[in-house]
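> Chain by chain, the residues:
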Amino acid sequence: MATSAAEYAVELTGITKRFPGVVANDDIHLAVRRGEVHALCGENGAGKSTLMKILYGMQQPDEGTISVDGHVVRFRSPSDAIRAGIGMVHQHFMLADNLTVAENILLGAEAMLGIGGAARRRIAELAATVGLEVDPRALVERLGVADRQRVEIIKVLYRGARTVILDEPTAVLVPQEVDELFDTLRTMRADGFTFLFISHKLDEVRAIADSITVIRRGMSVGTADPASVTSRQLAEMMVGSELPSPETRDSTVTDREVLRVEGLELQAESGARPLLAGIDLVVHAGEVLGIAGVEGNGQTELVETIMGIRRASAGTVVLAGTDLSHASTLERREAGIGYVPEDRTRHGILASQPLWANRMLGYQSRPPVSRGGLLGLLDRAAARRDTERIVAEFDVRTPSVDVPAAALSGGNQQKLVVGRELSGDPVLLIASHPTRGVDVGAQAGIWEELRKARARGLAVLLISADLDELIGLSDTIKVMLRGALVADADPATVTPEDLGAAMTGADDGRGAVA
Amino acid sequence: MRRIRTVLLPPALAIVFAALLCAVALLISGDSPLTALRVMITQVGEGTTAVDIVNSGAVYYIAALAVAIGFQMKLFNIGIEGQYRLAACVAAIVGGALVLPPVVHTLVIIVVAAVVGAAWAGIAALLKAYRGVSEVISTIMLNFIATGLIAFLIKPDSFGVLQGNNISTAPIEPSGQFPGISFGSGGTLFGMVGVAALLGLGYWFLLNRTRFGFELKASGESPTAATAGGVDARRMVIIALVLSGAVAGLVGLPELLGRDFAYTLTSPQGYGFTGIAVALLGRNHPLGIALGALLWAFLDKSALALDNVGVPREIVLIMQGSVVLSVVIAYEIVRRYELAAEQRRVAAQLRDTAAAEKAAEKVAS
Numbered sequence: 001m002a003t004s005a006a007e008y009a010v011e012l013t014g015i016t017k018r019f020p021g022v023v024a025n026d027d028i029h030l031a032v033r034r035g036e037v038h039a040l041c042g043e044n045g046a047g048k049s050t051l052m053k054i055l056y057g058m059q060q061p062d063e064g065t066i067s068v069d070g071h072v073v074r075f076r077s078p079s080d081a082i083r084a085g086i087g088m089v090h091q092h093f094m095l096a097d098n099l100t101v102a103e104n105i106l107l108g109a110e111a112m113l114g115i116g117g118a119a120r121r122r123i124a125e126l127a128a129t130v131g132l133e134v135d136p137r138a139l140v141e142r143l144g145v146a147d148r149q150r151v152e153i154i155k156v157l158y159r160g161a162r163t164v165i166l167d168e169p170t171a172v173l174v175p176q177e178v179d180e181l182f183d184t185l186r187t188m189r190a191d192g193f194t195f196l197f198i199s200h201k202l203d204e205v206r207a208i209a210d211s212i213t214v215i216r217r218g219m220s221v222g223t224a225d226p227a228s229v230t231s232r233q234l235a236e237m238m239v240g241s242e243l244p245s246p247e248t249r250d251s252t253v254t255d256r257e258v259l260r261v262e263g264l265e266l267q268a269e270s271g272a273r274p275l276l277a278g279i280d281l282v283v284h285a286g287e288v289l290g291i292a293g294v295e296g297n298g299q300t301e302l303v304e305t306i307m308g309i310r311r312a313s314a315g316t317v318v319l320a321g322t323d324l325s326h327a328s329t330l331e332r333r334e335a336g337i338g339y340v341p342e343d344r345t346r347h348g349i350l351a352s353q354p355l356w357a358n359r360m361l362g363y364q365s366r367p368p369v370s371r372g373g374l375l376g377l378l379d380r381a382a383a384r385r386d387t388e389r390i391v392a393e394f395d396v397r398t399p400s401v402d403v404p405a406a407a408l409s410g411g412n413q414q415k416l417v418v419g420r421e422l423s424g425d426p427v428l429l430i431a432s433h434p435t436r437g438v439d440v441g442a443q444a445g446i447w448e449e450l451r452k453a454r455a456r457g458l459a460v461l462l463i464s465a466d467l468d469e470l471i472g473l474s475d476t477i478k479v480m481l482r483g484a485l486v487a488d489a490d491p492a493t494v495t496p497e498d499l500g501a502a503m504t505g506a507d508d509g510r511g512a513v514a
Numbered sequence: 001m002r003r004i005r006t007v008l009l010p011p012a013l014a015i016v017f018a019a020l021l022c023a024v025a026l027l028i029s030g031d032s033p034l035t036a037l038r039v040m041i042t043q044v045g046e047g048t049t050a051v052d053i054v055n056s057g058a059v060y061y062i063a064a065l066a067v068a069i070g071f072q073m074k075l076f077n078i079g080i081e082g083q084y085r086l087a088a089c090v091a092a093i094v095g096g097a098l099v100l101p102p103v104v105h106t107l108v109i110i111v112v113a114a115v116v117g118a119a120w121a122g123i124a125a126l127l128k129a130y131r132g133v134s135e136v137i138s139t140i141m142l143n144f145i146a147t148g149l150i151a152f153l154i155k156p157d158s159f160g161v162l163q164g165n166n167i168s169t170a171p172i173e174p175s176g177q178f179p180g181i182s183f184g185s186g187g188t189l190f191g192m193v194g195v196a197a198l199l200g201l202g203y204w205f206l207l208n209r210t211r212f213g214f215e216l217k218a219s220g221e222s223p224t225a226a227t228a229g230g231v232d233a234r235r236m237v238i239i240a241l242v243l244s245g246a247v248a249g250l251v252g253l254p255e256l257l258g259r260d261f262a263y264t265l266t267s268p269q270g271y272g273f274t275g276i277a278v279a280l281l282g283r284n285h286p287l288g289i290a291l292g293a294l295l296w297a298f299l300d301k302s303a304l305a306l307d308n309v310g311v312p313r314e315i316v317l318i319m320q321g322s323v324v325l326s327v328v329i330a331y332e333i334v335r336r337y338e339l340a341a342e343q344r345r346v347a348a349q350l351r352d353t354a355a356a357e358k359a360a361e362k363v364a365s
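If you read the protein sequences in the order shown, they are chains A and B. Note that the first sequence ends on residue 514 in this note's numbering; no numbers are left out. Note that the second sequence ends on residue 365 in this note's numbering; no numbers are left out.
Mixed in with the good hints, there may be bad ones.
Stated by the list, open to error - Calculated Cβ distances over 12 Å to all of chain A for the following chain B residues:
#, residue
1, 32
2, 111
3, 150
4, 213
Stated by the list, open to error - Label-pair restraints from in silico Cβ distances:
#, chain 1, residue 1, chain 2, residue 2, range
5, A, 326, B, 198, 56 to 62 Å
6, A, 121, B, 333, 35 to 41 Å
7, B, 224, A, 79, 45 to 51 Å
8, B, 202, A, 139, 52 to 58 Å
9, A, 120, B, 24, 56 to 62 Å
10, A, 400, B, 202, 45 to 51 Å
11, B, 224, A, 80, 32 to 38 Å
12, A, 316, B, 148, 47 to 53 Å
13, A, 380, B, 24, 45 to 51 Å
14, B, 198, A, 331, 33 to 39 Å
15, B, 224, A, 326, 18 to 24 Å
16, B, 307, A, 80, 41 to 47 Å
17, B, 336, A, 295, 34 to 40 Å
18, A, 326, B, 144, 55 to 61 Å
FYI, nobody ran anything at the bench for these hints, they're computed from the structure. Glycine residues also receive a C-beta, built at the ideal position from the N, C-alpha and C atoms.
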């Protein structure tokens with residue numbers, strides 16, 4: 001690898017990238033010194049992901065230049081970027097579960113050192129560098145999230161990366177694992193690796209970064225020194241206004257039961273350990289019940305089973321006195337369940353359809369969208385009007401309700417989904433990661449709407465990986481581990497660290513989480 | 001204006017391109033493209049050609065609608081061919097055997113055809129919904145089975161009658177026929193042409209104005225989002241395929257009820273596959289399909305006219321093939337061009353609103 005004496009490992013100048021409906025990047029400047037952890041902060045929809053995709057060669061900028069070690073380069077594909085020593089660890093891991101750690105690392109890189117002893121030795125070296133302690137012959141499906149992340153990092157290092165882009169690496173980790181990751185990054189920084197660290201979590205950014213670049217609405221706002229800047233100042237740079245907080249003020253919990261789930265079970269298709277086992281929970285009107293848990297411990301399955309998307313193998317679901325255990329998804333929705341799915345692009349929206357058609361999804365059998373009748377006539381004018389209401393009430397930024405949903409930024413899509421699911425007076429809202437991948441501004445808006453709905457007596461089942469959000473919004477918290485609810489916590493007293501311990505099963509019935 | 005460009009420009013480009021390709025082919029084979037073009041255009045005014053074009057167009061239109069219903073949900077019903085042939089055969093047998101008052105007789109035949117088409121497609125639908133069998137495979141196989149079944153049904157010792165060299169079903173009495181509109185020496189327009197037009201209208205209405213149409217399109221666009229929105233994916237697969245089969249069942253009727261009055265060994269084949277090409281040509285839009293069906297029928301008739309002046313009729317096959325291919329390509333080119341134009345437009349628009357917002361923020365704070 002030719003390392004010149006240039007000051008910056010990576011320098012982006014005047015990057016501009018336009019998409020239909022958005023200018024994702026507008027004249028962005030970013031300079032990363034060699035051997036530093038450089039954090040990139042900004043609301044989602046601010047253009048961080050696009051910028052990183054451009055740097056990684058997945059997209060080409062409309063204007064602007066990229067320099068690596070002082071040389072101007074042009075990446076046509078990620079392989080060009082990898083050749084220049086830039087690697088990327090995506091937020092969603094790209095590993096084959098049914099292959100071993102070593103196979104995952106070598107997949108597509110067989111030409112470098114073959115697949116024999118030389119490759120094994122190199123993997124062992126890199127495993128030591130990133131602190132991966134599992135046997136490279138172990139199947140990836142047996143690894144925890146933190147180890148999978150290490151495998152991803154080894155993958156890019158094996159391909160010769162000296163500069164590693166980490167896209168929201170802490171989103172999937174519990175606090176203890178975040179600390180371990182940071183230790184690894186610090187050691188590797190000392191070895192001369194350069195990191196570009198994308199995160200929403202400002203405390204973490206301040207803890208790990210040597211310098212910070214903030215972008216807002218596709219433009220670089222400026223750089224900050226992590227030693228002197230506060231999280232609040234950073235957030236204000238990102239949003240351009242005051243920092244929102246997820247805290248709910250007064251309790252609005254009533255004793256009226258809205259959702260009662262008893263003995264809910266879900267068998268795995270492969271016949272292994274059940275995905276859900278003996279789930280009991282009750283949500284009252286005006287109550288937010290938060291479910292904490294490391295991803296993959298059955299939260300998705302729980303939500304989809306309550307929604308009727310998966311068929312429970314045992315147990316009952318009762319909504320406001322009506323037994324819905326055998327009802328279809330549509331019947332459950334009609335009974336008054338709103339559903340904000342965890343992955344809006346896959347489960348929440350129809351990307352190529354206009355916003356008003358998206359308003360109809362899930363409501364196709366009910367007014368105002370439907371006129372009813374044998375044919376199920378749709379009232380397109382009413383759907384359009386009601387979409388305009390959502391756009392206004394929930395501050396969805398869009399030129400009109402006729403643009404396709406794909407033209408909106410993630411945060412605006414999410415606001416549309418939340419607005420839709422709060423339409424038609426639901427009695428229960430199931431919100432899965434309602435503010436994931438959403439900018440701080442939109443996050444505050446969604447929290448505010450949840451709080452308002454709760455005050456009106458809505459029952460909310462909240463699943464979130466953001467522990468601050470969970471603690472801030474919930475009236476009660478339950479911890480989910482391996483398909484079962486294993487502990488309760490009081491959001492008034494519990495700390496994210498306590499919750500993290502309970503989520504990983506490390507907690508042995510200590511004080512706050514019992 | 002922009003809409004006209006995105007909708008009409010691609011097929012126009014495609015036809016021009018296909019015509020050029022044919023011109024080149026003609027020049028290579030030593031014929032004059034201009035003569036060919038003149039013959040193709042003048043034939044429309046001669047004899048019964050114009051009416052024939054509309055009649056075949058109606059058949060293609062119904063077949064293409066059947067395909068398009070499946071396409072809306074990304075289901076590829078290749079079995080239109082088997083569905084319409086079996087439906088026409090059974091409908092002819094039932095129609096020939098019954099003695100009923102006019103109108104009722106015709107209606108019964110139409111209903112039988114639709115039900116048989118639906119039932120035949122229903123086999124593929126159930127296999128897809130409950131066993132995950134690809135509808136492409138099962139409908140192809142069912143096409144072969146339909147051929148065998150038809151051969152059995154019209155055997156003289158089953159339901160057929162020997163007529164000279166040909167085997168056919170018992171002829172349908174005039175009470176069961178669908179009266180057409182006669183243009184004297186210009187030919188007779190099938191009455192079923194009107195039914196085809198009504199089907200197109202119904203297709204448009206179903207798709208854009210009803211809950212079923214919305215669920216169909218949602219399932220096609222994103223099965224996961226549709227499921228989360230309470231659409232029963234399995235039910236949609238079954239309904240879409242069965243509906244497609246019911247429409248397919250009507251494909252053979254314009255000729256059966258307007259011209260042939262019996263199903264014979266030599267009854268026309270291949271409309272199901274033409275329907276796929278026409279649905280592609282018309283981009284699943286009811287009007288687009290109508291134009292595509294007429295164009296296809298026009299080209300079919302041109303083959304005969306060209307033959308008469310010594311131009312190889314195969315040129316028509318080249319034209320038909322290249323027009324479908326170039327429509328697909330032309331839409332892609334125009335789509336990309338429009339996307340770039342949209343980007344520029346929205347970029348400019350957002351810059352304006354961003355400036356306005358900043359001003360508003362200042363006022364608010």
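> All hints are to be evaluated individually against the structure, with a verdict given for each.
Each hint tested on the structure:
1. Even its closest Cβ contact with chain A, about 46 Å, leaves residue 32 of chain B beyond 12 Å, as expected for a residue assigned away from the interface.
2. Distance check for residue 111 of chain B against chain A: the nearest CB is about 19 Å away, which clears 12 Å, and the non-interface claim stands.
3. With a closest Cβ-Cβ approach of about 35 Å to chain A, residue 150 of chain B is found to remain outside the 12 Å limit, as its non-interface label requires.
4. Residue 213 of chain B, annotated as away from the interface, has a beta carbon of chain A within 12 Å; the closest lies near 8 Å.
5. Between residue 326 of chain A and residue 198 of chain B the beta carbons are some 40 Å apart, a value that contradicts the proposed interval 56 to 62 Å.
6. At about 52 Å, the beta-carbon gap between residue 121 of chain A and residue 333 of chain B misses the expected band of 35 to 41 Å.
7. Against the hinted window of 45 to 51 Å, the Cβ-Cβ separation of residue 224 of chain B and residue 79 of chain A comes to about 31 Å, which falls outside the hint.
8. Separation of residue 202 of chain B from residue 139 of chain A is about 54 Å and conforms to the stated range, judged on CB atoms against 52 to 58 Å.
9. The given range of 56 to 62 Å is respected by residue 120 of chain A and residue 24 of chain B, whose C-beta atoms sit roughly 60 Å from each other.
10. In this structure, residue 400 of chain A and residue 202 of chain B break the distance hint of 45 to 51 Å, their C-beta atoms being roughly 30 Å apart.
11. At roughly 33 Å, the beta carbons of residue 224 of chain B and residue 80 of chain A sit within the given window of 32 to 38 Å.
12. Distance hint for residue 316 of chain A and residue 148 of chain B: a CB-CB separation of about 51 Å, consistent with the stated range 47 to 53 Å.
13. For the hinted restraint 45 to 51 Å between residue 380 of chain A and residue 24 of chain B, the CB-CB distance of approximately 47 Å keeps it satisfied.
14. A C-beta distance of roughly 34 Å is found between residue 198 of chain B and residue 331 of chain A, which places it inside the suggested range of 33 to 39 Å.
15. Evaluation of the 18 to 24 Å hint for residue 224 of chain B and residue 326 of chain A yields a pass: the beta carbon distance comes to about 22 Å.
16. The beta-carbon spacing between residue 307 of chain B and residue 80 of chain A, approximately 57 Å, falls outside the hinted interval of 41 to 47 Å.
17. At about 38 Å, the beta-carbon gap between residue 336 of chain B and residue 295 of chain A stays in the expected band of 34 to 40 Å.
18. For residue 326 of chain A and residue 144 of chain B, the hinted distance range of 55 to 61 Å is not satisfied, since their beta carbons lie about 41 Å from each other.
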